[in-house]
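J.: Here's the letter readout for the chains.
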Amino acid sequence: MEKNYFTINGKQFQIDTKKENFLDELIKNYLKHKNIKVAVAVNYELIQKSKWKSKKILKGDEIEIVQPFFGG
Amino acid sequence: MENDNLIIDNKSFKSRLIMGSSMFPNIDVMNKSIEKSESEIVTISIRRLSVNKKDYFFDQIKKEYTFLPNTAGCFTKKEAILTAELARESLDTNWIKLELISEDEMLLPDPIELYSTCEDLIKKKFKIFCYCSDDPILCKRLEDLGCEVVMPLISPIGSGLGIRNEHNLELIRSMCKGLVFVDAGIGSPSDACRIMELGFDGVLLNSSVARSHDPINMADAMKLAVISGRKSYLSGAIRKTKKAIATTSFKGKISNF
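Chains A and B, in that order, are what the protein sequence lines are. This note's numbering numbers the first residue of the first sequence as 371 and each following residue consecutively. This note's numbering numbers the first residue of the second sequence as -8 and each following residue consecutively.
Do not take every clue at face value.
[What the hints assert, rightly or not] Which residues of chain A face chain B? A partial, calculated answer using Cβ under 7 Å:
(1) Y375
(2) N379
(3) I406
(4) V408
(5) A409
(6) A411
(7) L416
(8) G430
(9) Q437
(10) F439
Calculated directly from the structure, the hints in this document are not laboratory data. Predicted, not measured: the structure shown is a model, and the values here were computed from it. Beta carbons: idealized from backbone N, C-alpha and C, even for Gly.
So here's chain B without its partners, still in its complex pose:
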């Protein structure tokens, strides 16, 4: 498999695993986990500055990563747009991981507010990584609108419930021709592997590594799962059949007796 790099916004990445930087037991484990994952893109948030805190964010994490700021916690278009603008101002990037949730129990995206916000952000020249529901039509509409990456959930954020509707994921992959990642709901490496086997372009995760018993080891497992799933997709798995197909030819066997 030669040069299967992920190309986003004319930038090339070897890794198809995007890692979050939140909820790790401590900074050292976070850094070692991200390093082990070999992720090149790391998601971050935009939050009020606390002058009393000694440590500045960029003193605690390698600056070599490509940072993808999010709009986590935004409930309205107004909040999300201001957060995106603040992110662009503080990070000099047009990239924004747009999260626009509708309620605080399931943290599900609000598709109507989301679509409308994407319209405005695209006019403002943002490159949107759009966290959305696993509705194939919505995903297609967001792609057609001009989102850089469409990122359906597979189950609620942080739930670890894994893939709940694989059929929808198959439909999304077949309908969207551009970049599609899965963002949110991953529980174990098998979820990440399956997503990649379905032909998705990348996986974005955080809790499944950060909250695991051994985040560094789990980061390694996720890395391998994404690579494995991608290789499987590119290799073309065999078709499923209802009946057996003999692996060893019957030809030349000793006679039936």
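Just chain A, same shape as in the assembly:
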């Protein structure tokens, strides 16, 4: 991965190196502030919603945002 990037669901995003980046804010931006219930993992570890505000995102981090979908 290129420097100063993190990913959400496999897509690269540039990280703002001038400030600390927290998961909660990044998720809100990704969801375009829609009220959708999701679950989130960072670097393949579950991050519970109560920890989103304090979870710092660093360059190279891989964020997965998932939701229920049709399945068998």
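Here the structure of chain A is known, so what remains is to put chain B in place on it, guided by the hints.
T.: Just chain B now, with coordinates in the frame of chain A:
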């Protein structure tokens, strides 16, 4: 037959048919099919969010169902455990339909990885609905380990091949004392009926309804098949004999001539 409800994890269900929510021609047919089936438990998956899609999953399906999330597509313990944790986080349920496959052609479960994953998930307080091979010993071991429901296949997922080894199913039923469903391989309602006649506690299916010519009608047929098979099991079918047993008594018939 009074109150023959299915009890899972202290929850009571009238229906013994669990339906999948995938592969239907469209959302309307899916909803009508599930409604017609009278299923109360519906399986779903956990997938990456697509922000560009307009429709949110729960805007498209009744929220009254009990949802059973799966780990479909997982090949490793690590993938399956993370998917289970994400499912619990997004749905507030400890229930997980554990699918851990070994290859992508037959989608057969990997029994060794599966057993090991169950050990870890049980420690994490999950209630596991365990999709597994139709090996009686494996099924018994998974039950003894603490799986909530053991769910052997009868043939590969989506194949519609139906029951391939009824003897194994009989052995599984006799060896496992807890909840045992069949998951995967059902082709027609007669398969579902036979499974229930063998004493299984439930049937989980998706493709056989969703990919049929008329899913809504097929959902109805599956519902009736499960009910019929269950009633047959509880009623106790007659023993098979090699010779005929007269239905009408010979007594009082006119003399032989």
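J.: The structure should be examined with respect to each hint, and the outcome stated for every one.
T.: Results of checking the hints against the structure:
The criterion of a C-beta within 7 Å of any C-beta in chain B is not met by A:Y375, whose closest approach is roughly 18 Å, and the hint is violated. A distance limit of 7 Å between C-beta atoms decides the matter here; for A:N379 the minimum to chain B is near 4 Å, and the interface restraint holds. Here the hint on A:I406 is kept, as its CB sits about 6 Å from the closest CB of chain B, short of 7 Å. For A:V408, the interface hint holds, since its Cβ comes within 7 Å of a Cβ in chain B; the closest pair sits about 6 Å apart.
Below 7 Å, beta-carbon pairs count as interface contacts, and A:A409 has one with chain B at about 4 Å; its hint therefore holds. Residue-level restraint check for A:A411 holds (minimum Cβ-Cβ distance to chain B is 6 Å; threshold 7 Å). Because the beta carbon of A:L416 sits about 4 Å from the nearest beta carbon in chain B, less than 7 Å, this interface hint is met. Hint on A:G430 is violated. Least Cβ distance to chain B is approximately 19 Å, over the 7 Å limit.
For A:Q437, the interface hint holds, since its Cβ comes within 7 Å of a Cβ in chain B; the closest pair sits about 5 Å apart. Annotation: A:F439 was flagged as interfacial toward chain B, and the flag holds, the nearest CB pair being 4 Å apart, inside 7 Å.
Going down the numbered hints, you'll see the structure goes against 1 and 8, while the others check out.
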